[in-house]
Each structure stands twice: as structure tokens, then as C-alpha cells.
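*Asks:* Each chain, written out:
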Amino acid sequence: MKSPLLERSPEDILFRGRDFEVTAAQLLGAAKRLSQLLPPGAAVVNVCQDRFDFTVSLLAAVSANQPVLLPANRHPATVQALLDATPGACLIHDDDAMPGLQVAHRIRAISGLEGRCEAGAVPGIDDDQLCVVAFTSGSTGVPKANLKYWRTLRAGTRVNGLRLFAGLAGDIKVVATVPSQHMYGLETTVLAPLFLPLQVCTARPFYPSDVAAVLESVDAPRVLVTTPIHLKALLSAKVALPRVARVISATAPLPVEHAREAEAVFADEVLEVYGCTETGCLASRRCALDEPWRLLPDFSLTESNGVSVASAPHLHEAVELNDVLEREADGCFRIVGRSADILNIAGKRGSLSELTMRLLSIPGVRDGIVFVPAGGRDDVGRVAAMVVTDRPVQAVIEELSRVVDPVFLPRPMFIVDRLPRSEVGKLDHKAVNALWMAQR
Amino acid sequence: MNGNLSPEERQMAQLIVESLNLEGTSPDDIDPEAPLFGSGLSLDSIDALELAVAIAGRYGVHLKAEDEETQRVFSSLRALTRHVEANKAS
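First to last, the protein sequences are chains L and V.
Position one of the first sequence corresponds to residue 1 (our numbering), numbered consecutively onward.
Position one of the second sequence corresponds to residue 1001 (our numbering), numbered consecutively onward.
For the record, the hints were derived by calculation from the structure and aren't laboratory data.
On a predicted model such as this, the values are computed, not experimentally measured, just so you know.
Glycine included, each C-beta is placed from N, C-alpha and C at the ideal position.
Derived SDA-like pairs (lysine to any residue); straight-line CA-CA distance at most 25 Å:
(1) Lys-238/L with Asn-1021/V
(2) Lys-238/L with Leu-1015/V
(3) Lys-1064/V with Ala-240/L
(4) Lys-430/L with Leu-360/L
(5) Lys-1088/V with Phe-1037/V
(6) Lys-2/L with Asp-298/L
To list a few chain V residues with every Cβ distance to chain L over 10 Å, as calculated:
(7) Leu-1005
(8) Ser-1006
(9) Pro-1007
(10) Gln-1011
(11) Ser-1026
(12) Asp-1031
(13) Pro-1032
(14) Glu-1033
(15) Ala-1079
(16) Ala-1089
Label-pair ranges, simulated between beta-carbon atoms:
(17) Pro-253/L with Ala-1089/V: 32 to 38 Å
(18) Asn-1087/V with Leu-360/L: 42 to 48 Å
(19) Glu-7/L with Arg-1058/V: 46 to 52 Å
(20) Arg-1058/V with Gly-337/L: 36 to 42 Å
(21) Asp-1031/V with Arg-286/L: 44 to 50 Å
Put together the whole structure using the sequences plus the hints.
*Replies:* If you want it as C-alpha cells, here you go:
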């Protein structure tokens, strides 16, 4: 069963750059040209930074039935490990940021917009085609491969359209602070414009004044796709913001007060979204009302041995969720416990056990633990660490920084004489916290 | 340990330590010419955002990625202080 690579009219605007617009026809033309440059049959590792380049690269590969691999993060070491594990892979980039990588094929994404693709020539993609493999940090230290078939990407986008982008009159303009390479940004800035009536700004603004400027550069209705940390920064910086019809926030819990403040200051509505790479967007709620979560259409939740399991017709397998959910009336739910191991900092997913394993792999580290300190002042949710070693802390951090994303570097890291382990080597977490408090 | 910090640099160093919760770092420990990101203080992208917010609040200066100088603005405490001093409302 095949369906079109995109379902927009040829002259619909899908992307807005600073001084250019891209129509559906132009996007298809660019993807077609790039697909002709791909080494046949090669898996494609897509590290493009710009949303348009990223989308062209994705569509080029999908139309050629070549899977797109998305590394868990942009650390050269992570990307190299993925390339090493994928013989014959082709790296597609748009900014020459990782020059030292060893790779069979390297292509720079095409940015030119010449050459229309004739209407009626939209490639048909098989529902069962493996399109994307999204890697996430796993507790074993080896990134976990999350397989995304065309059916899932297409149907998931339709489902998102029924909630995330629903109920807004006019041509929606999406401005996002999140990258396109992770599931949240992939769904909302890459897949969304292919199937839903909206336009996506290619910019990825960072500083509050830049976010304001990109929002100002488009007309209403505006939808801001962001994260709790970025939303808080926007509110704290007190930049002048134009009216935003909807703020979508995901990747970490959004404090209710921030949602209320955003709605008081510049947003008609703040919609908090819950999901994960395995399921995509799964549920939403109007955070300011502190209401329970509502599953997105087509999703269902069951429980198995105290673990919540999500499923949907468009997911190729049911997914065990990391968090503990408590179901309420009408299929709504509350999140009563967040996974102890999985972290999400600034939209990046990590695993405490993986971080601990990396720490223990450093020469000279005899014992160690990475953990989230209880009752910290830190809104960000940073990790801390205690380590048994003769090496200076700075040296250990430096070695760790070569293999983990900067946001997961322990802050602070203290050296201790020993960790409170039982006779069988298990760590007593109460004692760990007590030892931690004694260091401060 | 470092070159002398001007009063403005010391005030900025204090802001960095406070706004980023850098436990165990004293403002006087910060080398004014050392990188803030990558090495030196090893700040990351979250810090950049939080620092930008703190600077906006204290000095009324709004950092922008497009501002060419921003590439060098975060290159050291000295460069950051100079940029903020040059751009703040008097």
C-alpha cells in the first residue's frame, strides 16, 4: 500500500527562510535532485542543521528507499560510532561541522531551489518502508535504534494534526527552538509541513530576542514549538513578544506557573505534550489548568506488571513507557512517577546508568555514581557525581566530555573515599544522598 | 591565578557564578581571558541561555546570535564584559 511522499498543493508554502519561501513543488524538486546524487542503497546519516536542508535530505533518501539514520546526539564520537556500525553509509551535512569523520560517502545538502518537480510526479512510498532510524541513549551504553516506518510517520503526523495544530484559523506559521533531528522536532517541523496545512520557519532561534524576532517576522496565527527551559528563558528575559496562538511545550515537565505566565503575557494557549521517541507525541494537556493528560487520537494505554504500555495502530509495536501513569475517568491520566533512570535535559535524552557506566570506564576511576541530587536548586535537572579516584576532578570531567553531551556533565563532581555499597555491591541510595549532603 | 579583574569584570564574574549556580567557583577564580565555553569554565548551551537572561535582567542588554560580535562575545569574561558595557543603556 503506497501513499504520497507529501500531500500539499504544489504552490503551498512549506518553509520560510529569512528571505525566501519554499513551495511543495520546489521541495520535491530539490529532493529529487539530491536523491540522484545518493550512492545507491546506502543508508543515509543526516546531520543537517538547517530544517530545509534536513527535510530535503530526508525526502531524497526516503524517495530512494534508503533509510535515514539519526544519531542520538551531534558529538563527533557518537556520529563516528554510528558510521562505523553502518558500512557504506553516506553522511549528509550542510555546515562542514564534522570534518574529521571517517565515512564512505559525504554529501553536502543541496540548497538551490531551481527546478520544479512537475505536479503528478510525487513519489509513492510503501507503508512498510523503513524510513527513519532514530537513535536514543540507552542504559546499556549502546544507542537504541527506534525504527520508524512510513506508515508510522504519516499516520502519526495526521494524529498530531488533530490535536497539536488543530482549532487555529488561518495559515499556521510554526517557529521552533528545537532541532529537527530529534523526534519532537522531526514531527513538528519536518513531517508536519508535508501533510498539514502549515508553514515552518527554517530558523532555529536561540536567544530570547532572536525568538522574538523570528516570531515577529511572520503573521498570525503563530505556533511556537519549544521546551520548558526555553519558555522560561523567554518569560524571564522580558522581551517583547507578538501574540502567539499556541505554545507547544515538550521533552520535560512544564511548571504550571510558567504556562500560566505565558498565557497571561503572550500566548492564547500553552499546550503541553507528552511523548517519547518510541511513540512520538502521545498525549497533551492544557498545562495552565493543571488538568490530566488526554491521549492523542488512536492511542491506547494498558498496564502490565505495573508498567504502562502505549499502543496505536500506526506503531509497529507496543511501547513500555518509562513513567508510571495513573488512569482517570474518560481515558485521561496523570503522571505519578518519572523514570528513575531516564533523564531529559534541554530536550536531550540521557540515562543515569549509561552516564555512570561512562564514568566508571575512565582510567583511574575506581568507583563512581552519577545521579540527580534530591531537592536541588537547579531547575534544569542537572546531574551530579561522586567519584573515587586519585585523578583531579577536572581531568575526569574532561574525559567524560569526550563521550557525553555537555548538558549531562556532572555539576558538581566530588571526590570521595568510597561509595556506600552493600556486601553484594549494591548502592544504597539513601546513603548516597547522605554522603552527598555531607560534601556540600 | 589570573590577570586583574576590572570592577565591571568582577561584577560580571559574580553574575556568572550566581546565575549558573557554579558551586565551588569564586568570581576571582575566573581567568578573564580564558574561554567560557568548551574549556575554561566549560559552560554549555543551557548556561548560554540562562546567562543571556541574567544579562538582560541586570544590564538590559539582549544578546543576539546574529550580532557578529556575539561569536566573540562569549569567548572570554573580558570580551563578554566589554560587549555588555558597550551596549548597555546608560
